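Given chain A's structure and the hints, the job is docking chain B onto it.
2 protein chains.
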Amino acid sequence: MRVELINTGTELLIGQVVNTHVAYLGQSLLGLGLRIERAVTVPDGLAIAEAFEESLSRADLIVVTGGLGPTSDDVTREAAAEAFGLELIFHPEILEGIAAKFAARKFQMNELQRQQAMVPRGGVVLANNFGTAPGLIIQNDKTVAVLLPGPPGELKPMWEQQALPWLRDRFADRLRPVHERTLRLLGVGETAVQLAVEKELLALGPLEIGYCARPGEVDLRLIAADRSLLDRAVTLVRGALGDSIYTDAPETMEEAVVRLARAAGMTIATAESCTGGLVAGRITNVPGSSAVFRYGWVTYANEAKTAELGVPADMLATHGAVSEETARAMAEGALRASGADVAVSVTGIAGPEGGSTEKPVGLVWFGVARRNGEATALQRNLSQTRGPFRMMATQVALDLVRRALGEFGGWDGESSVRKRAMSPPRGCEPCVRDG
Amino acid sequence: MRVELINTGTELLIGQVVNTHVAYLGQSLLGLGLRIERAVTVPDGLAIAEAFEESLSRADLIVVTGGLGPTSDDVTREAAAEAFGLELIFHPEILEGIAAKFAARKFQMNELQRQQAMVPRGGVVLANNFGTAPGLIIQNDKTVAVLLPGPPGELKPMWEQQALPWLRDRFADRLRPVHERTLRLLGVGETAVQLAVEKELLALGPLEIGYCARPGEVDLRLIAADRSLLDRAVTLVRGALGDSIYTDAPETMEEAVVRLARAAGMTIATAESCTGGLVAGRITNVPGSSAVFRYGWVTYANEAKTAELGVPADMLATHGAVSEETARAMAEGALRASGADVAVSVTGIAGPEGGSTEKPVGLVWFGVARRNGEATALQRNLSQTRGPFRMMATQVALDLVRRALGEFGGWDGESSVRKRAMSPPRGCEPCVRDG
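Respectively, the protein sequence lines represent chains A and B. Our numbering puts the first residue of the first sequence at 86, with every later residue one more than the last. Our numbering puts the first residue of the second sequence at 86, with every later residue one more than the last.
One chain only, chain A, in its complex shape:
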């Protein structure tokens, strides 16, 4: 079954908005055993119709996002109707529903909303519970097209609650689910992972292997039709790469950390300088994190480190803010002031200014303090570009918390692979997640 995706929107092509639909829908379709064979992004206007015609000749399923809204540049509905040769019919009940939403929020509806109530003849209407534009499913003998609104907050519930069940039913006899596991690793390079496991994995049986290096981690993706083969593959990788793997579940580092802390009944505090609150921000992004996180400090200035965390002013004067001593003292101060079980600190040089020969941009010290344990510190040289630097620094800080939480024992253990071979860090874009 061939699946194609069409995303409409000039804003996607001129750099105003990043398209996250390909990744979201791709992951979702994979669970049905379907893969997007081609994802095409076109600007507003006639190009949508052209892309429709092309996909229609090849694909069994076309998923389209965007262009269903009320403004003049939203023309997907019309393009789809034309491609399928269907007349557009006005549905008054849709406009009434939109009017009710406006009334409930005490907003005034305007005449532009009316085009959202037009439906290609015979089309299935997908209700939009988080916005105004309804989705649509239309089909001919060969091809099904699912039209979804562009805003992710509207698209996702509509897709999951209405479109996916409809597709499962419609294509029940043609779907062949596959199984996928992604292992996420920290502290080991992409080619080192390949050299450590690929030959042995391929010897196990028909398995698809993918690598993705991104700032702060490497993902190893395994796909197989046979679930037990996949389980054996995961076991093999776990044996070879051990505690470099921070998860083999579809979860982020912060989700793993919150999960482990909740399971252990432990609390976490943060003391951040160069990451400026992002470590706390990632932890508190996880629903239920209030059970494990109560205090965080952003001590960007030296006097804040002294006033809030008790880092001695003479220590800062002697060793500097980016030093082993300060990192340790920050973590100790946060532990003391918060009463948490584990405190992590980050202090480094994010750049572009502030570097020196001795302490270059990219240098960062992490501290970890544990209740009834000795505080320790760790140095890393991370990216010299501010964005990746901050991302990698939060990732290492969270990994130190993970290790301190005790899943794998000592947080400062080096992975065995690290000693064999390691490539310079490469990086795909970090996952963009919401929720």
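The hints are simulated quantities; they were obtained by calculation from the structure and are not laboratory data. Some hints here could point you the wrong way.
Which copy? The list can't say, so a pair holds if one copy fits it or any two copies do.
Taking lysine-lysine and the DSBU-like style, the derived pairs with C-alpha atoms no more than 35 Å apart in a straight line are [as the list claims (entries may be wrong)]:
#	residue 1	residue 2
1	K191	K241
2	K191	K284
3	K444	K191
4	K241	K284
Please read all numbers here as calculations on a predicted model, not as lab measurements.
Leaving out everything else, chain B in the frame of chain A:
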């Protein structure tokens, strides 16, 4: 001149990685007056060659990202050579350069790196200063293809420092730059913006207008070939939508805030509950923010609000953590403890748990305290989904700081458009930026 983009990588289609190259390259090409007419994402393997053949027949410029790395699923180099009918030649000096990078980092090079030293005959080699895979430019009589490595940290400098100058030179006689301005607005809906300005804008002259609503803001994009027309359009929108516009420059809200604070010589402190450090995280993402930001608190638990910010325990007991009184007291406490000129606080219910009939998920109180001024508070009902809620809450908090910094006078003024018509919030994906 027709431009097409090809992105390779199964990981982009199965949801492992979000493709940010389309947005980045699209924005960059726009400055040359070029638009990507089609962006195609294909999986690893033969589909790359197919996409190449198709684009080759239509496009004057093809930009390709990904698949230049050292692992077995990187085949872009081979596909490009085949599409253009060019032989691949081994360049020992490239491999020597890679070996030197490994040596400098005390990593051990492995044999997989060799394929990165293969170059289609006659190809221009683009040096990779942040990774190992070199980029390539190849061409025939009609079409130029630029091959770039997938990692953004490698792609961006290579594109900006080597590929773009080469293209400017190569196509000097065919480039017709256009001008683009995007005005970013807060507190007003997408259709309200359209109704407020579109008719008047179109009367000015040939102008392309685009709208994008995203969590926490609406972007109004204006494109014109004539710069003075564009300036008149911006002036018109400024007149109609006034202080709802937080910027008309290519900057984020946090960049606008840091710019204003630096200009005013003022400092900012943050006191966050539901946003968990992200307001501070956004401010400190801006290079040079250390001049205006020194202290931030993440007081996620009630006792942290009391211990760190001096919010009276009986106030929390009487009014709750999510209340006007607490928001104000948090901001006052942060101002006092930090000595900053402006302090902002955020306390709300991010969900999914913790809501009630009286205080539903999505409710948030913001506080603003100014040195020598009275603290004020503001209530908003934002998204009921955790991710967008946190994004919108940081956006409103930063906007309150912006207004407090005094660019437009009173921070609590309602925009005039707001009273005319307002649609429910719709949202594209937020911009994904780094650095």
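**Report entry** Those earlier numbered hints the structure runs against, lowest number first
**Finding:** none
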